[in-house]
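Student: Now for the letters of each chain:
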Amino acid sequence: MKKTHFMLFCMLTVSGYAQVSISTNPSDHEPHPNAILDVKSTVPAKAVLLPSVSQISNAANPVGDNTFKGALVYNKNNASVYEHDGTRWKSTYDYVVETKPQYFAHFSRPSNVTLSCTIPFLGTGCTVSNVIIPISNSGSSDFQGTNINLSLASNIITVNEAALYRITYRSFAALATASSDLKLKLQKANAATPTTFADIDSQSFTSDNARLGYNPVFNGSIVIQLNAGDKISLSGYMQYSPLIPLPGLTASATFQNNGTNGTGELVFEKVIL
Amino acid sequence: MKTQIFTFLFSVLLGASVSSQILISKTGGSPNVNALLDIKDSSRGLILTKTNTIGNFPLYNAAVEDHFDDLPSLEGALLYNKEDKQYYKYDGTIWIPALQLGGFYNPFEARTKANGAKNWTCVSLLGINTCDLTQLFGSNNRQTIPLSNLTNRSQLLVNNLNTQVGTDYIVIPAAGLYHVSGVVGFSGTSLLGFGQDVSYWVNLDVSYDNGTSWSTLAFKETSQSGGIFIDLGQSGNKSASVSSTVTLPANSRIRLAAAVSTSSLISTYSNSTDHTDTFINVQRIR
Chain A
1 MKKTHFMLFC MLTVSGYAQV SISTNPSDHE PHPNAILDVK STVPAKAVLL PSVSQISNAA
61 NPVGDNTFKG ALVYNKNNAS VYEHDGTRWK STYDYVVETK PQYFAHFSRP SNVTLSCTIP
121 FLGTGCTVSN VIIPISNSGS SDFQGTNINL SLASNIITVN EAALYRITYR SFAALATASS
181 DLKLKLQKAN AATPTTFADI DSQSFTSDNA RLGYNPVFNG SIVIQLNAGD KISLSGYMQY
241 SPLIPLPGLT ASATFQNNGT NGTGELVFEK VIL
Chain B
1 MKTQIFTFLF SVLLGASVSS QILISKTGGS PNVNALLDIK DSSRGLILTK TNTIGNFPLY
61 NAAVEDHFDD LPSLEGALLY NKEDKQYYKY DGTIWIPALQ LGGFYNPFEA RTKANGAKNW
121 TCVSLLGINT CDLTQLFGSN NRQTIPLSNL TNRSQLLVNN LNTQVGTDYI VIPAAGLYHV
181 SGVVGFSGTS LLGFGQDVSY WVNLDVSYDN GTSWSTLAFK ETSQSGGIFI DLGQSGNKSA
241 SVSSTVTLPA NSRIRLAAAV STSSLISTYS NSTDHTDTFI NVQRIR
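The listed protein sequences correspond, in order, to chains A and B. Our numbering puts the first sequence at residues 1 to 273. Our numbering puts the second sequence at residues 1 to 286.
FYI, nobody ran anything at the bench for these hints, they're computed from the structure. You may find that some hints are simply not true.
[To be verified] In the SDA-like style, the derived pairs of lysine to any residue whose C-alpha atoms are separated by at most 25 Å in a straight line are: (1) Lys-238/B <-> Leu-156/B; (2) Lys-46/A <-> Lys-220/B; (3) Lys-220/B <-> Ser-207/A; (4) Lys-69/A <-> Pro-97/B; (5) Lys-26/B <-> Ser-23/A; (6) Lys-82/B <-> Thr-92/A; (7) Lys-46/A <-> Leu-23/B.
A quick note: this is a predicted structure, and the numbers were derived from the prediction, not measured.
Isolated chain A (complex conformation):
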């Protein structure tokens, strides 16, 4: 009965060179010359079912068996096809996903930075512009993937490979003076003028944000094409202009590296096109 079923719906061709084709179409049953098993396609398509296991530990797992190299099995537990390399089963899927951190680099903030200014005689306010924020690559959460090439010196990150990057930065701050306008800026310089930094993105914390009960946090993200030699830094900016500006009034705010609102961090991802 089984044999009859098989012969009715399927054509099995075994050629003189021991190639096998499986076809439902009598006019298309020749195996491809470079294929030893050719499962012919139809429209609409039929699929090929691999043997499946409910978890990969259920699959036979011979060690040191060269003839088992290339074996395939489908693991229902994580919806992944596994390949056997002669020693162990490897997920074809995890290979893609788990290598993703290779394209990431993470930097942390080793210390706090306080910005402060005093309104001068006859002044209406005061400004602290562009204080470089310290960056570390040796914190416990820091890493640099093998497929992203950045270097860090004097709190400035140098990009060593031209590519498209997604840069994400975050920090939080303690505001000692409520009416000050505080900004966290992402800045860039190029190889020709490595000390001339210009803003490429910035995040601020306003009085509306405070009214909503938000803590002073700064989250920015930008996708940018960078050239080899480009330099990236984080900087802090504060402007203090109270309603009634009196000379001698002071304002201060501190970008913090760690605390109840999380850690300050800077993440680079090389975007794979």
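Knowing the structure of chain A, use the given hints to seat chain B on it.
Tutor: Chain B only, in chain A's frame:
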């Protein structure tokens, strides 16, 4: 030699052999003990079925959200797609590309929808609006969005990270670098806004002490244009989102909250509970 192979195959198909294994080879030998089908060749490949377009895949159904009907018995099937030149596997719900860029199954992904709607109803009396941030001196209408622990692969609501979902928070299961984003879909109507914008505020909060205290992880304002000065009312839907890439410790909690700021005479807004509109997405990067 070739005769021998033919005989071997034929005997298997006839059921005459006690072995239930199949060997395809031009050099003979026997199938690996751990393989049901063993294809041996040093130079030639294996061609499985292929199709020109995703529309020809088995179970294709353009009417359902994930494009494929569910069929648990087909789990593990393989098919090659010529469109994007790669193999797809069927997991019982959808066909997944072998290269997972943009694919549906990510073991480091969790996406949770809203479990209920919050309402923001605002009235303006004597120039003081109950929803206008600048007129309430520190008070605001920020509300936390309730979350559902429902998973539905067809709606792309998954919990592959094995997070615990509370009534209005997600528990991060392991320390690592995460990309967390929140989206809130608002719908509502306002009357006599006199050209003032409506501001939708969305924020993510984090708690490191099992929910005792919360602090802001990230916030974002999305504005809807107030339109013409003499305003007979505006209605419609608006989506607002916020995200952060952040290092989180194990057992930290994440929640999604929203607020509306308007100076309209009378207005009412609520968040959508549809899985496409309001959700938290947590992706572990490392």
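Student: Take the hints in turn and mark each one as holding or not.
Tutor: Going through the hints against the structure:
Restraint check for Lys-238/B and Leu-156/B: the C-alpha separation of about 21 Å stays at or below 25 Å, so the hint holds. A C-alpha spacing of about 48 Å is found between Lys-46/A and Lys-220/B, which places the hinted pair above 25 Å, so the restraint is violated. Between Lys-220/B and Ser-207/A, the direct Cα distance comes to roughly 14 Å. Compliance with the 25 Å bound is thereby established for this hinted pair. For the hint linking Lys-69/A to Pro-97/B, the alpha-carbon distance of about 23 Å falls within 25 Å, and the restraint holds.
With a C-alpha separation of about 20 Å, the suggested pair Lys-26/B and Ser-23/A falls inside the 25 Å cut-off, and the hint holds. Restraint check: the Cα-Cα separation between Lys-82/B and Thr-92/A comes to about 20 Å, which is no more than 25 Å; the hinted pair holds. This hinted pair checks out: Lys-46/A and Leu-23/B have alpha carbons roughly 23 Å apart, not beyond 25 Å.
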